[in-house]
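Since the structure of chain A is already known, use the hints to place chain B on it.
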Amino acid sequence: DTGVSQDPRHKITKRGQNVTFRCDPISEHNRLYWYRQTLGQGPEFLTYFQNEAQLEKSRLLSDRFSAERPKGSFSTLEIQRTEQGDSAMYLCASSLLRNTIYFGEGSWLTVV
Amino acid sequence: GQQLNQSPQSMFIQEGEDVSMNCTSSSIFNTWLWYKQDPGEGPVLLIALYKAGELTSNGRLTAQFGITRKDSFLNISASIPSDVGIYFCAGVYYAGNQFYFGTGTSLTVIP
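Sequence lines, in order, name chains A and B.
For the record, in the first sequence the residue sitting at position 57 is 57 according to my numbering, with numbers rising by one throughout.
With the second sequence counted from 1, adding 1000 to any position gets you my numbering.
So that you can see chain B by itself, here it is in the shape it has in the complex:
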C-alpha cells in the first residue's frame, strides 16, 4: 500500500523550541489527519483537516492542508517534555475507505 513521506524522520529539540514537520504524497487527498503515538499505545488523533488551504489549531498545535492537496504540515509551538512521541500523518481519498499513513516523525524534547 501507499505510504506517505514524512520529514524529518526524527528531531531532537530543547524544551520551549518550536517544531515543524511535514508530510507529502504523490496522490491527492481530501482529508489529512495528524496523530501522536506513545510507545506501546495506539495513535491518538490530534488534528483533522478537510479542505485545501485549511489551517487548524489545537492548543499549541497548528496544522495546514496544503493547497496542492498533496501535502500537510504540523507545527508545535513552545514544546514541552510531554510532546515526546511519534507523530504520524494520514490521508484519505474522498471516495476511498483506506487511510494511508506516513512513516512517522520521532520527537525528543530535551528538558
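So here's chain A without its partners, still in its complex pose:
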C-alpha cells in the first residue's frame, strides 16, 4: 500500500508531556498538510508544506505546536506541554496537484 502513513495510530499521554506524530506522504507528493479533527466536526486546517517549506499555518497552531518536513519527504508534528484540549485526531494529507488531497488513517491523541 502506498498511501499516506501515520504513526502512531493512537497515543495516550499525561497532561504536560510532549508528543510527536509522524507522517509519510504518498511518495511523489510534494504537498503535505496537517489537520485536526474532534468528535462531530470536520477536519480543521493546521499547517501546509510544499516540499520542505512550511507555507501556511493556522491560528489553531499555537506556540506549543511545531511541524517540520526536513527533507521534503516525511513530516513530524510535535505538541509540547499537552493540554486536555489537545485531545483529537491528527490527520495528515498529501497531494501532487493543488486541488486534491489524500488523507492518512490519522493519529488519535488522548490527553489525560
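To be clear, the hints were calculated from the coordinates, so they are not data collected in a lab.
Since the structure is predicted, the reported quantities are computational estimates derived from the model, not experimental observations.
Note that CB positions come from ideal geometry on N, CA and C, so glycine has one too.
You may find that some hints are simply not true.
Below 20 Å or equal to it, Euclidean Cα-Cα: the simulated SDA-like pairs (lysine to any residue) are [to be verified]:
no., chain 1, residue 1, chain 2, residue 2
1, A, K11, B, G1040
2, B, K1070, A, N99
3, A, K11, A, S66
4, B, K1051, A, L96
5, B, K1070, A, T100
6, B, K1051, B, S1026
7, A, K57, B, N1097
8, B, K1051, A, L97
9, B, K1051, A, N99
10, A, K57, B, Q1098
11, B, K1051, A, T100
12, A, K11, B, K1070
Chain B residues, not near chain A, derived (Cβ > 12 Å throughout) [to be verified]:
no., residue
13, T1062
14, D1083
15, N1097
Relative to the frame of chain A, chain B by itself:
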C-alpha cells in the same frame, strides 16, 4: 477557519433507498471534494469536482459542482449497509492552500 454547511446532519434510511446530501458555502470555490469517513479512520476521497456545473459519477455515487460555485451535491443510489459512515464535503479556492471542510452528514443504512 471557515466551515461549510452540510445538510442533513444525519440520515437514517432503508437499504436500497437513494440518498441526497448537499454542502453550501458563503464563498466561491474552484474545487469541491467529497470524502467518506469510517469511525477511527481518516477520510477517504470519493469524488473530486473541478468545474462549475460538472457532474461526476463513481459507481453508485454521483456528485455535482453547483453553478454558483457555492454549493455541491452528493447522491448515493441503491444504498447498501457498507455506505454507513460520515460524509464530508471540502472546498478549496483556486489560489489557496487551505481546504475547508463541512460539518459532515452521518448516514445510517438499516438492512
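So, going through the hints one by one against the coordinates:
1. Our distance criterion of 20 Å between C-alpha atoms is met by K11/A and G1040/B, whose separation comes to about 13 Å.
2. With a CA separation close to 16 Å, the supplied pair K1070/B and N99/A stays within the 20 Å bound.
3. Using a Cα cut-off of 20 Å, the hinted pair K11/A and S66/A holds, with the two alpha carbons roughly 17 Å apart.
4. Between the alpha carbons of K1051/B and L96/A the distance comes to roughly 19 Å, so the proposed pair stays at or under 20 Å and holds.
5. The suggested pairing of K1070/B with T100/A holds, with an alpha-carbon distance near 18 Å, which does not exceed 20 Å.
6. About 18 Å separates the Cα atoms of K1051/B and S1026/B, which keeps this hinted pair within 20 Å; it holds.
7. For the proposed pair K57/A and N1097/B, the alpha carbon gap of about 10 Å is at most 20 Å, so the pair holds.
8. Distance hint between K1051/B and L97/A is fulfilled; the C-alpha atoms sit about 15 Å from each other, no more than 20 Å.
9. Taking the CA atoms of K1051/B and N99/A, the gap is about 12 Å. The hint holds against a cut of 20 Å.
10. Our distance criterion of 20 Å between C-alpha atoms is met by K57/A and Q1098/B, whose separation comes to about 10 Å.
11. Proximity of K1051/B to T100/A is assessed by CA-CA distance (about 13 Å); at most 20 Å being required, the pair is judged to hold.
12. Pair hint K11/A plus K1070/B does not hold up; C-alpha atoms about 38 Å apart against a cutoff of 20 Å.
13. Even its closest Cβ contact with chain A, about 18 Å, leaves T1062/B beyond 12 Å, as expected for a residue assigned away from the interface.
14. Remark: the non-interface label on D1083/B is consistent with the geometry, its nearest Cβ contact in chain A lying 19 Å away (cut-off 12 Å).
15. Chain A draws N1097/B into its interface by the beta-carbon criterion, the shortest separation being 5 Å against a cut-off of 12 Å.
Violated hints for the displayed structure, listed by number in ascending order: 12 and 15.
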